[in-house]
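Asks: What follows is the residue order along each chain.
There are 2 protein chains.
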Amino acid sequence: MDGPTTGGPTVPRATVVLRTPLPFDAVTLDPGSFLGRWQSLNRDATLPHVLRQLEDAGTIENFRRLVVPSEAPHRGFNFVDSDVYKTLEALAWEAGRLPADQPWEGVTRELVDLLTAAQRDDGYLHTLYSGDEVFADLRWGHELYVLGHLVQAAVARTRTTGRTDLLDVARRFADLAVARFGEGGQDGYCGHPEVETALVELYRLTGERSYLDLARRQVDLRGSGVLGSGPFPPAYHQDHLPVREVTEVAGHAVRQAYLAAGVADVVAETGDPDLLAYLLRLWDSAQGTSTYVTGGTGSRHKDEAFGDPYELPPDRAYAETCAAIATFQWAWRMLLLTGEGRFADEMERTLYNAIPGSTSVDGTGFLYANPLQVRTGHDGSSEFAPAERLPWFACACCPPNLARLVASLQGYVATRDENGVQLHLYADADVAVGSGVLRVRTEYPWDGRVVVDAGPDGLTEDLALRIPAWADAAAVRLVVDGTVTDVVVERGYARVAGPVRRVELELPMPVVAVAAHPRVDAVRGCVALRRGPVVYCVEQAGLPSGVVLEDLALVPGSPLTAAPPVAGVDALVTVEAVAVHRPATGGPLYRAASAGVVGTASPAPATGRVTLRAVPYHRWGSRGPGAMRVWLPVAEHP
Amino acid sequence: MDGPTTGGPTVPRATVVLRTPLPFDAVTLDPGSFLGRWQSLNRDATLPHVLRQLEDAGTIENFRRLVVPSEAPHRGFNFVDSDVYKTLEALAWEAGRLPADQPWEGVTRELVDLLTAAQRDDGYLHTLYSGDEVFADLRWGHELYVLGHLVQAAVARTRTTGRTDLLDVARRFADLAVARFGEGGQDGYCGHPEVETALVELYRLTGERSYLDLARRQVDLRGSGVLGSGPFPPAYHQDHLPVREVTEVAGHAVRQAYLAAGVADVVAETGDPDLLAYLLRLWDSAQGTSTYVTGGTGSRHKDEAFGDPYELPPDRAYAETCAAIATFQWAWRMLLLTGEGRFADEMERTLYNAIPGSTSVDGTGFLYANPLQVRTGHDGSSEFAPAERLPWFACACCPPNLARLVASLQGYVATRDENGVQLHLYADADVAVGSGVLRVRTEYPWDGRVVVDAGPDGLTEDLALRIPAWADAAAVRLVVDGTVTDVVVERGYARVAGPVRRVELELPMPVVAVAAHPRVDAVRGCVALRRGPVVYCVEQAGLPSGVVLEDLALVPGSPLTAAPPVAGVDALVTVEAVAVHRPATGGPLYRAASAGVVGTASPAPATGRVTLRAVPYHRWGSRGPGAMRVWLPVAEHP
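First to last, the protein sequences are chains Z and E.
0 is the number of the first residue of the first sequence in numbering that gives the first Met the number 0; add one for each residue after it.
0 is the number of the first residue of the second sequence in numbering that gives the first Met the number 0; add one for each residue after it.
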């Protein structure tokens, strides 16, 4: 092992990247900040809950069966081992986040001992497959996928605790994969990308080049069709085209984004220009045609797929939690590669909308799919479109994925380059930058004022502050050491030359009506309300009695204002808007609006106006199940 | 056997129904009429194609395996036997339609001999299951489902040819089902309804009451949960609630409509008022919240389900062909029960839109799902959302279902009651009504003029003519024996008292802009174009070069006119409309339309106007794959 052991999830070795992550312990989020509170909830509620569920669902027991002969059947999908690994990764980041307070070390060691005992002599470790089944079904077997998550857990544990017990397990399995699928071995790759990014990180930690080589080989081979055909189309497995020929996001959204993250890691270590071009094309495709205003991706329930360009229905939005997490991870790697603020913008969008919306206020209820609309009369019996957040899922990939991301959030706040430090995510935090500590003070995302105090000695280097694309650059205010300074935004950042002691940034946060591209048919005539990075929604809960959510339309020209908190909804700022109420329960589904000429139906008569209180999308459903919508119709003839 | 042997698909015995079908040979469709041409295409192209595909897919071979020991595996789903049965039913209706010309009798006999040889001594007949597997999985086994289709084929063959060879096979299997699941037997029903309607028809043909009793018993038991839980939710199998407690359509659309058709048959023979109330509630639910403007139902790809009320996305419309056929069959039974024109209206809507759209102009390409929009850039690789019609499917339920419906279409044209004759579907046809022949002359659906000539002796009974709900009743013109007559519409019909010699009906057919209920979010701001019963669509094919379909919006107030045929599209009448062209390729997916106030984004600049030629929806794709849409945006600021 010759790599750094103090890093977070991503520690590039090569000099390809334009930005370098800070050490994992460099940033401390204030426990009262949005992100800090989320981390506390994750530690105090989500992680204990996840560990309990892993026992109850038999996911940990699956490993015990390998150690102590048992008649009990394997439980869960063939990728269920990864739920344990993602949880171990979360526990490891927790250990690094609060190194003085390690309540999970005992649990972790027990699990590591169990994995060590369960592992075969040749390094193979999977709770379902044995004998001829091993690596027999690359398309659906998920064996390299679970290896990837095992590696990520092991890397995290080593980096935050220095312990190599789990790393030994992971390397034995990874070495087996190298022997089997490495150069000169079988031409194979996994039906579910994920091992690519993990192998690169294992290389970064250990310096063992064969891991990077295997990752690159898997990327190069992908799309050659070796997975064969099955119940899902080739794009589902990211096997429809060689990576270098792909021009659009396609197929299963999580697989697509995990693959892209892995490719970005390969680029970060190899500088491959063709692969970088692929990533940029793919990013533009995702952002330009296939991402919800919340940052969610993968609109289709069927095959958990992206769907066609501009196919973004709010009601049937699948927008799997894991897809948003995968987008975050991909965006982070693009940020490191390019230093461009648009990638941090997307991290922020997912972080305040698509991702937190998947977790209940108490941290123990989860959404797998994250719709942008729930209809009155919604049949919430499906696990994939439930009426409320659920404690667990038959396919429980999302909760432990959330846990590992949230436990490592501080790792994504800032980076550095040869000129200085870049702040990407604004949060109340202390950021150690070598020479000293930057005290970042803000009520973000509820308030756009950010004060960075570098202390009396100041920061000798440059400080780059992200100016989000959602902010009106002309209205941004920047005060450097007491002097109002012109804001020059370059690739998404305002750069303050050091030395500097105190920077005040004001990002104005008016409530904005957001319109979608005209090809997004599903939200024609609607706007979404956004304030700063936070997207809002209106719910049936809170409406006057007798008013059905679907009967409301915003009044054009009426004010959109920030408003105080709402009982039962954990958010500092809500939004007020005025809507006209046009009751339309029942009546014919279709009617002739005009004959012989293009006309439109007159709207139902208005019975009055209603002041709506919109709440952050990420807190929808906090007041119980019921109708919800992000996209609000704008009345045509109010 | 004591039932009539000259009937069509539905021959009620009891006097519950208010309308009685005519004998199957009473109506002869003119070969040049829309429906007559469809029947010819079905006979000349679709049926030979289907027979070939059943061989190529191994569906017929599955039966041979039961007779001659073979190592060849069973091929296809566990309900694939029904494809053979539906084809046999189609062949039987053909035999009754053109009794002097029976090219299929040899093929039919071969198949019947094969089934006879394949049937077990106890009557069981299924190509996949044997031993302990028999009736072991009611939820997914489809055994009673395939029995239902076998019975329907046998009833058709007996009614049109008098032959009982297939009926013997069907009764042996049905008797086994009665013994096993009848009164005092196992409480069981099939996960896919269909046997209910078949058993009632078998009772009607044979007079054997136990078949009706089993059908009623299955309806009564349904929803008691005996199917248990599986990968699909209970509503998928119509097992979520006892039938009498159901208030809304739910679950798998085909199963829902087949069940309703079966319940309607039970009501027709028992008069059960609670079940009739269920049917009327269900109908209102389907028609009021969950049916496409084409008559398609089942909007979700996931679970082929209805989805929530008003969830009717045009692009992801699943709208399975079989669901439209099932709606047609359900509507027909409701028409017989109630005599209300709204049910015939729905038969007509499916017959000119959802159903024919599923078949290519040459009769050998099919759609399983029937979207109302295909996007530019559509990934057409899915069998369930292909870029063009396909020759066959892994789940090939639709093509033979189409074949049996089309071969029996003349059976749905007219009925009688004690007062006289009712005309439901307008088509150029001769209708034998006992005393004589009604010569119906019309260019329907392209022209709304219908002339009924009862000959010099005239019709002594009353003649009821359906006045479709799409027609402006005030503008309908009725001339009875040369005298212009007031049109009084009662329950959907204008009744002309006999005796009468000649009736001229004029249903004006302006091009109408149809608007959807405001809760159908997916088509907000759009209209669909309809002329008479025919819904139109606009396709990329035929647009000027450089104009992308998605960049067009109709100009409010501009004329909608009927227009002549379009090359490559088999339709007598097309529709012209004027659209504004606003190119919007690329650009951001979301943008702030306004800050602090409700505003909407300005549309992209217009580059000019385009005259669109809309073609009947049912002929979309005739000019090759490409973008298509039924719902057209209306420009806001043209």
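To be clear, the hints were calculated from the coordinates, so they are not data collected in a lab.
C-beta atoms are modelled at their ideal positions from N, C-alpha and C, and glycine is treated no differently.
Be careful, since some hints might not be right.
What the hints assert, rightly or not - Computed beta-carbon distance windows for the label pairs:
| hint | chain 1 | residue 1 | chain 2 | residue 2 | range |
| --- | --- | --- | --- | --- | --- |
| 1 | Z | Gly379 | E | Gly224 | 14 to 22 angstroms |
| 2 | Z | Ala135 | E | Pro624 | 32 to 40 angstroms |
| 3 | E | Glu244 | Z | Pro582 | 26 to 34 angstroms |
| 4 | Z | Ala135 | E | Asp164 | 47 to 55 angstroms |
| 5 | Z | Glu382 | E | Gly187 | 23 to 31 angstroms |
| 6 | E | Asp164 | Z | Pro241 | 55 to 63 angstroms |
| 7 | Z | Ala386 | E | Glu244 | 49 to 57 angstroms |
| 8 | Z | Glu382 | E | Gly224 | 50 to 58 angstroms |
| 9 | E | Gly595 | Z | Leu113 | 25 to 33 angstroms |
| 10 | Z | Glu382 | E | Thr5 | 48 to 56 angstroms |
| 11 | E | Gly224 | Z | Ala71 | 24 to 32 angstroms |
Unchecked claim - Chain Z residues, not near chain E, derived (Cβ > 10 angstroms throughout):
| hint | residue |
| --- | --- |
| 12 | Ala44 |
| 13 | Asp120 |
| 14 | Asp186 |
| 15 | Arg476 |
| 16 | Leu477 |
| 17 | Val488 |
| 18 | Arg494 |
| 19 | Pro517 |
| 20 | Asp520 |
| 21 | Arg529 |
| 22 | Val568 |
| 23 | Gly595 |
| 24 | Val596 |
What the hints assert, rightly or not - Example chain Z residues on the side facing chain E (calculated, C-beta under 8 angstroms, incomplete):
| hint | residue |
| --- | --- |
| 25 | Leu127 |
| 26 | Val486 |
| 27 | Ala514 |
Asks: A separate judgement is required for each hint: does it hold in the structure or not?
Replies: Verification of the hints:
A C-beta distance of roughly 19 angstroms is found between Gly379 of chain Z and Gly224 of chain E, which places it inside the suggested range of 14 to 22 angstroms. For Ala135 of chain Z and Pro624 of chain E, the hinted distance range of 32 to 40 angstroms is satisfied, since their beta carbons lie about 38 angstroms from each other. Between Glu244 of chain E and Pro582 of chain Z, the C-beta spacing of about 28 angstroms keeps the proposed range 26 to 34 angstroms intact. Between Ala135 of chain Z and Asp164 of chain E the Cβ separation comes to about 49 angstroms, which falls inside the hinted range of 47 to 55 angstroms.
Against the hinted window of 23 to 31 angstroms, the Cβ-Cβ separation of Glu382 of chain Z and Gly187 of chain E comes to about 27 angstroms, which satisfies the hint. With their beta carbons about 57 angstroms apart, Asp164 of chain E and Pro241 of chain Z fall inside the hinted range of 55 to 63 angstroms. At roughly 20 angstroms, the beta carbons of Ala386 of chain Z and Glu244 of chain E sit outside the given window of 49 to 57 angstroms. Range check, Glu382 of chain Z to Gly224 of chain E: Cβ separation about 19 angstroms, and the 50 to 58 angstroms hint is violated.
For Gly595 of chain E and Leu113 of chain Z, the hinted distance range of 25 to 33 angstroms is not satisfied, since their beta carbons lie about 57 angstroms from each other. Distance hint check for Glu382 of chain Z and Thr5 of chain E: the Cβ-Cβ separation is about 52 angstroms, which falls inside the suggested range of 48 to 56 angstroms. Range check, Gly224 of chain E to Ala71 of chain Z: about 27 angstroms between beta-carbon atoms, so the 24 to 32 angstroms window is met. Against chain E, the non-interface label of Ala44 of chain Z holds: every CB pair exceeds 10 angstroms, the least being about 29 angstroms.
For Asp120 of chain Z, the shortest C-beta to C-beta distance to chain E comes to about 37 angstroms, beyond the 10 angstroms cut-off, and the non-interface label holds. With a minimum CB-CB distance of about 24 angstroms to chain E, Asp186 of chain Z clears the 10 angstroms threshold, and the non-interface call stands. Every CB of chain E is more than 10 angstroms from the CB of Arg476 of chain Z (nearest about 16 angstroms), matching its label as outside the interface. A cut-off of 10 angstroms between C-beta atoms confirms that Leu477 of chain Z is not in contact with chain E; the least separation is 20 angstroms.
At the 10 angstroms boundary, the C-beta of Val488 of chain Z stays outside the reach of chain E, the nearest C-beta of that chain being 16 angstroms off. Against the 10 angstroms criterion, Arg494 of chain Z stays outside the reach of chain E, whose nearest CB is about 25 angstroms from its own CB. The beta carbon of Pro517 of chain Z sits about 5 angstroms from the closest Cβ of chain E, which is not more than 10 angstroms, so the claim that it is off the interface is violated. Here Asp520 of chain Z does not stay apart from chain E, with its beta-carbon only about 7 angstroms from theirs, under the 10 angstroms limit.
At roughly 8 angstroms from the closest C-beta of chain E, the C-beta of Arg529 of chain Z falls inside 10 angstroms, breaking its exclusion from the interface. With a least CB separation of 22 angstroms from chain E, Val568 of chain Z remains clear of the 10 angstroms interface cut-off, as annotated. A beta-carbon of chain E comes within 10 angstroms of the beta-carbon of Gly595 of chain Z; the shortest separation is about 5 angstroms. The non-interface label for Val596 of chain Z is inconsistent with chain E: the shortest C-beta to C-beta separation is roughly 6 angstroms, within 10 angstroms.
Interface hint at Leu127 of chain Z: violated, since its Cβ lies 18 angstroms from the closest Cβ of chain E, which is beyond the 8 angstroms cut-off. Checking Val486 of chain Z against chain E: minimum C-beta separation of about 18 angstroms lies over 8 angstroms; hint violated. At about 4 angstroms, the closest approach between the beta carbon of Ala514 of chain Z and any beta carbon in chain E falls short of 8 angstroms, and the interface hint on this residue holds.
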